[in-house]
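Peer 1: Here's the letter readout for the chains.
Number of protein chains: 2
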Amino acid sequence: MRENHNSLNQILVKLFNDILKIEEKFLCRGEFKSLTMSEFHIIENIGIGEGKTMSETAKALKITSGTLTTGIDNLVKKGYVFRKRSTEDRRKVLIKLTEKGENAYNEHYKFHEEMVADTLQEIPKDEEEVLIRALFNVDRYFKKKYKL
Amino acid sequence: MRENHNSLNQILVKLFNDILKIEEKFLCRGEFKSLTMSEFHIIENIGIGEGKTMSETAKALKITSGTLTTGIDNLVKKGYVFRKRSTEDRRKVLIKLTEKGENAYNEHYKFHEEMVADTLQEIPKDEEEVLIRALFNVDRYFKKKYKL
DNA sequence: CCCAATTACTTTGATAATCAAAGTATATAC
DNA sequence: GTATATACTTTGATTATCAAAGTAATTGGG
Chain A
1 MRENHNSLNQ ILVKLFNDIL KIEEKFLCRG EFKSLTMSEF HIIENIGIGE
51 GKTMSETAKA LKITSGTLTT GIDNLVKKGY VFRKRSTEDR RKVLIKLTEK
101 GENAYNEHYK FHEEMVADTL QEIPKDEEEV LIRALFNVDR YFKKKYKL
Chain B
1001 MRENHNSLNQ ILVKLFNDIL KIEEKFLCRG EFKSLTMSEF HIIENIGIGE
1051 GKTMSETAKA LKITSGTLTT GIDNLVKKGY VFRKRSTEDR RKVLIKLTEK
1101 GENAYNEHYK FHEEMVADTL QEIPKDEEEV LIRALFNVDR YFKKKYKL
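Residue numbers (this note's numbering), protein chains in the order written: chain A, 1 to 148; chain B, 1001 to 1148.
I should point out that these hints are in silico values taken from the structure, not numbers from a laboratory. Hints may contain errors.
Below, simulated DSSO-like cross-link-like pairs (lysine-lysine); rule was C-alpha separation at most 27 angstroms, straight line [said to hold, decoys possible]: (1) B:LYS1096 - A:LYS33; (2) B:LYS1077 - B:LYS1125; (3) B:LYS1145 - A:LYS21.
Rough simulated footprint, nothing fancy, chain B against chain A, three-plus residues with beta-carbon under 8 angstroms [to be verified]: (4) 27-33; (5) 62-75; (6) 127-135.
In this text, a Cβ means the ideal position worked out from N, Cα and C, and glycines have one as well.
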């Protein structure tokens, strides 16, 4: 029992750092070298589709709207995002991916998908289901306990 | 199959962001409010015991030694760490936790332990083993594939 | 033994991410 | 119609980070 706790603790810490570094290393290069991880994060969060407001997006990313403003400023400069005032409520700003932005989104998505596909290949089929169920439990529990 | 990949993808992204924010929110307060997450990370990595060198620690944290130097500067100022030249090789600097540093280390450790304990409580015993094995596989695979 | 190359660390100069608080414009409510 | 609330941006500050240059100690030929 205690044994398991220690293992899980250690492996989680390791996996965490490793995944962060992998993403950074393999994503921010090639076509999208000019993008930082935070910017990829913002792009991932805006997603394909109808456009989100600033506050919605800031809340989802758990950053202040001031921080998001400068992030979006840069992404607009770099041509990945555009702003558009909402017509129904002119205080609101809708942000939306340009075509270039959608390409970056897809790249990010593909990277994750490959990482997951490669990884699942390594573990037996029956463990796969358990892993996914366990992770969902973990997340549900976190949300409840820490009121995210 | 494809279904599983998508689920795992989404849940991993969510878990990641959530855990990062939880740590930040719950750790950097109270007695250790003056510590940032990066500083907690450094402390975690130095650990209890005989003292690590700068380069060892920088490598483990996957940051440059310049970055670590400023990190340690701050931790020394705040009283969590002290430096000591190695006597056998006077180029080397050994860093070691002060008593205050060890308290912070234990706090961090306890936080992780509780998080894991709480979480494992939520999943059935037989899934627990599978989860841990799966995560070890994932990490092993990452190291191989991405040459960490 | 000495000097060239290597290693270990620090410093410097630059950039990015972040926050809190103040500022601006629009909407809502009484 | 004004006061309050909401949505966003700006400002000023701090922290984390890197690459490259600098300093000091060690090591390995000759």
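Peer 1: Looking back at the hints listed earlier, which ones does the structure fail to meet?
Peer 2: Violated hints: 1, 2, 4, 5; rest satisfied.
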